[in-house]
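**Student:** Each chain, written out:
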Amino acid sequence: MKRTAILLTITTTLVVALALSTLAANKPPQKGEVLPVMNLPMPKNPVEKGYLGLSGDGSFKIPQIKANVVIVEIFSMYCPYCQKDAPGINELYNLIENNSDLKNKIKLIGIGAGNSTYEVEVFKKTYTVPFPLFPDKDFTIHKACGEVRTPYFIVVKINDDKTHQIVHSQLGDYPGAEPFLELVLKSSGLKQ
Amino acid sequence: MQTKQFASFIMIVGILSFFAFVPVAFGISEAYKENIYNVGTLKPLDSVLKVKVGNRAPSFALPAVSGENVSLSQYQGKKNVVISFVPAAWTPVCSDQWPGYNIAKSIFDENDAILLGITVDNIPTLFAWTNQMGKLWFSVLSDFWPHGAVAKKFGVLRSNGVTERALFVIDKKGIIRYIDVHDINQRPPLEDLANALEKLGK
Numbered sequence: 001m002k003r004t005a006i007l008l009t010i011t012t013t014l015v016v017a018l019a020l021s022t023l024a025a026n027k028p029p030q031k032g033e034v035l036p037v038m039n040l041p042m043p044k045n046p047v048e049k050g051y052l053g054l055s056g057d058g059s060f061k062i063p064q065i066k067a068n069v070v071i072v073e074i075f076s077m078y079c080p081y082c083q084k085d086a087p088g089i090n091e092l093y094n095l096i097e098n099n100s101d102l103k104n105k106i107k108l109i110g111i112g113a114g115n116s117t118y119e120v121e122v123f124k125k126t127y128t129v130p131f132p133l134f135p136d137k138d139f140t141i142h143k144a145c146g147e148v149r150t151p152y153f154i155v156v157k158i159n160d161d162k163t164h165q166i167v168h169s170q171l172g173d174y175p176g177a178e179p180f181l182e183l184v185l186k187s188s189g190l191k192q
Numbered sequence: 193m194q195t196k197q198f199a200s201f202i203m204i205v206g207i208l209s210f211f212a213f214v215p216v217a218f219g220i221s222e223a224y225k226e227n228i229y230n231v232g233t234l235k236p237l238d239s240v241l242k243v244k245v246g247n248r249a250p251s252f253a254l255p256a257v258s259g260e261n262v263s264l265s266q267y268q269g270k271k272n273v274v275i276s277f278v279p280a281a282w283t284p285v286c287s288d289q290w291p292g293y294n295i296a297k298s299i300f301d302e303n304d305a306i307l308l309g310i311t312v313d314n315i316p317t318l319f320a321w322t323n324q325m326g327k328l329w330f331s332v333l334s335d336f337w338p339h340g341a342v343a344k345k346f347g348v349l350r351s352n353g354v355t356e357r358a359l360f361v362i363d364k365k366g367i368i369r370y371i372d373v374h375d376i377n378q379r380p381p382l383e384d385l386a387n388a389l390e391k392l393g394k
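Chains A and B supply the protein sequences, listed in that same order.
Using the numbering used here, the first residue of the first sequence is number 1, and each one after it goes up by one.
Using the numbering used here, the first residue of the second sequence is number 193, and each one after it goes up by one.
Source of the hints: derived by calculation from the structure; they are not laboratory data.
Where hints are given, some of them may not hold.
Unchecked claim - Residues of chain B placed beyond 10 Å of chain A at every Cβ, according to the derived structure:
#1 267
#2 280
#3 294
#4 295
#5 337
#6 347
#7 371
#8 379
#9 381
#10 388
#11 389
#12 393
Unchecked claim - Partial list, computed: chain B residues near chain A (C-beta under 8 Å):
#13 231
#14 269
#15 296
#16 326
All values derive from a computational prediction rather than experimental measurement.
By construction, the Cβ of each residue, glycine as well, lies at the ideal position given by its N, Cα and C atoms.
All chains should be modelled from the sequences, with the hints used to inform the complete structure.
**Tutor:** Encoded structure:
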């Protein structure tokens, strides 16, 4: 009898835990939410570190980036659409950097789902990507983001008190640099 | 007897829960839209290699999506050859493997190597599938008929008729210099192949 009770408890716990983990795993980041936990390695390159306004070593979280808005692209060097969109995303970076009003307000980063440091570097070199790219070799971040298909864009608004919220997210369908920048400006409130 | 049964139950639950909590992760590109068939988690390996490093690679000739017939011997004395067997078209990990090689041509060029991608799918399927990857610089060969004959020669044909996710590096003399029969559920890291290619020159 006691044994049956133990068996039942173990089975129930497993089923409940599995159901919860499945629920948690299937949710891509959406507008109005906060980001899932993402620990990114501090860039070694001082230029990238400066671009993001970070200091120190170890890891950092996206809301620590010195900006009003951070655009996050979940990509993969193995993904054909990410490859096709790469020049257009570079153009978005250039549009922002060449605009003195926006330069220090909007930052752009990429996270390579399932990509090693080496693989992220191949992508960076192939497309001369000017903004920081981070590896996510064991899919930790990808899993936290509900295993979204790639490319997946997340626009995060960072408030003065360092709280943040997602103001826009979309799967693929990159419309080009100018329309996307317009969308970022409107959804984040940088442009009324 | 009852204690034994209890122990077995706990073991089974333990094993099942391990798989339940360690789902295999893979990235799927939006390029394939809803057309990727999820095969779930498969037995990592399901074949026995028939070749080893140092052996002469088995000879073969297969039809390519481009329409030509490609043989291994045509590269002998001219190019190092990388063979990438992937299990099947329209499946999760495979669909996000060759597009990476497609932007890493310089790694092959720098080591005087070419790439042959092989699956057991037929040519029309391979045509439709690889079209989603953009224009590929390497040959894609079909080991469809006699089914998986080339994969069988290398010892990478699985019991259900698809191949392992396997990489072979063959030097200009036709000798196998590197083998990675990878866990079918995971993509081999590019740096491992790049390192193997770099060693060819040494």
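**Student:** Per the CB criterion, is residue 296 of chain B less than 8 Å away from chain A?
**Tutor:** Holds - the Cβ of residue 296 of chain B comes within 8 Å of chain A, reaching about 5 Å at its closest.
**Student:** Verify that the Cβ of residue 347 of chain B lies farther than 10 Å from every Cβ atom of chain A, and report whether the claim holds or is violated.
**Tutor:** Nearest chain A Cβ is 26 Å from residue 347 of chain B, so the label holds.
**Student:** Is residue 371 of chain B truly not at the interface, in the sense that its beta carbon sits beyond 10 Å from all beta carbons of chain A?
**Tutor:** Answer for residue 371 of chain B: holds, closest chain A Cβ roughly 20 Å.
**Student:** Given residue 326 of chain B as an interface hint, is its Cβ closer than 8 Å to any Cβ of chain A?
**Tutor:** 5 Å, holds
**Student:** Far enough from chain A: is every CB of that chain over 10 Å from the CB of residue 294 of chain B?
**Tutor:** Violated, since 8 Å does not exceed 10 Å.
**Student:** Closest CB-CB distance from residue 337 of chain B to chain A, is it above 10 Å?
**Tutor:** 28 Å, holds
**Student:** Determine whether the non-interface label on residue 393 of chain B survives the test: each CB of chain A must be over 10 Å from its CB.
**Tutor:** 19 Å, holds
**Student:** Check the non-interface label on residue 389 of chain B: least C-beta distance to chain A beyond 10 Å or not.
**Tutor:** Given that every Cβ of chain A is farther than 10 Å from that of residue 389 of chain B, nearest at about 13 Å, it holds.
**Student:** Using the nearest Cβ pair, does residue 231 of chain B come within less than 8 Å of chain A?
**Tutor:** 15 Å, violated
**Student:** Compute the least Cβ-Cβ separation between residue 280 of chain B and chain A, then decide whether it is above 10 Å.
**Tutor:** Per Cβ check, residue 280 of chain B is outside 10 Å of chain A; nearest 17 Å; holds.
**Student:** For residue 388 of chain B, is the shortest beta carbon distance to chain A beyond 10 Å?
**Tutor:** Given that every Cβ of chain A is farther than 10 Å from that of residue 388 of chain B, nearest at about 13 Å, it holds.
**Student:** Hey, is residue 379 of chain B genuinely clear of chain A, shortest beta carbon separation above 10 Å?
**Tutor:** Not fine: 7 Å to the nearest Cβ puts residue 379 of chain B too close to chain A.
Figure legend: structure checked against the earlier numbered hints; hints not met, in rising order: 3, 4, 8, 9, 13 and 14.
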